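Chains as they are written, first to last, in the working numbering: chain Z, 1 to 112; chain G, 1 to 116.
A portion of the hints provided could be inaccurate.
To be verified - Among chain Z residues calculated to face chain G with C-beta under 7 Å, some are:
id, residue
1, 43
2, 47
3, 49
4, 61
5, 72
6, 99
7, 100
8, 102
No lab work stands behind these hints, which were simulated from the structure alone.
Fair warning: this is a prediction, and the values are worked out from it, not measured in the lab.
We put the CB at the ideal spot given by N, CA and C, even for glycine.
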Amino acid sequence: KQEVTQIPAALSVPEGENLVLNCSFTDSAIYNLQWFRQDPGKGLTSLLLIQSSQREQTSGRLNASLDKSSGRSTLYIAASQPGDSATYLCAVPAYGNNRLAFGKGNQVVVIP
Amino acid sequence: ETGVTQTPRHLVMGMTNKKSLKCEQHLGHNAMYWYKQSAKKPLELMFVYNFKEQTENNSVPSRFSPECPNSSHLFLHLHTLQPEDSALYLCASSQDLGGSIYNEQFFGPGTRLTVL
């Protein structure tokens, strides 16, 4: 059974600092990995999808890396802003189907 | 409307009530999902439908009854719920169920359910 762990569970950083969020998963036989953002009480917004053949994916200030063999992904957010305050979720599908296993999330607060 | 929509956004119900949650996707996808998100716990997959057929029931109590009349619509019928069923219920869709590097899931805004 795929298990996903995200550390740290929560962090606060001053505005302008770079954010580093970590995700690890137990079964490295994955097709892709998704990073989501969730605002309090809201649904999930897809940020990045990294294919298993890729080592990283970039979108604006966001960069996600994937090391499939070691079961790790890292989400970097450059020059953080107060609007980046949210919970960031990492999810991987089980091999052979599209059932997603989620971590508990990284709760981020960016202090103005 | 674009993407995945859910109604209602908020629902308060008593333990003896019957209510339904609705999800609609405008993405032309064939697979739809119900997830439950409780405080301090990871998202839990509840049900999976592919081409209107249920492919997975993740040991969900029978007081939750899903219905998928077509590939664009998914319902979750609720009856005689318990206070511990209070949670955010999220609907998602994807192109299909196949394991694929491109098979991304898109989520709706969720329904915040409170059971009194």
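To see whether the hints hold, each was checked on the structure:
| no. | hint | result |
| --- | --- | --- |
| 1 | 43 | holds, 4 Å |
| 2 | 47 | violated, 11 Å |
| 3 | 49 | holds, 5 Å |
| 4 | 61 | violated, 21 Å |
| 5 | 72 | violated, 18 Å |
| 6 | 99 | holds, 6 Å |
| 7 | 100 | holds, 6 Å |
| 8 | 102 | holds, 4 Å |
Checked against the numbered hints above, the structure violates hints 2, 4, 5; every other hint is satisfied.
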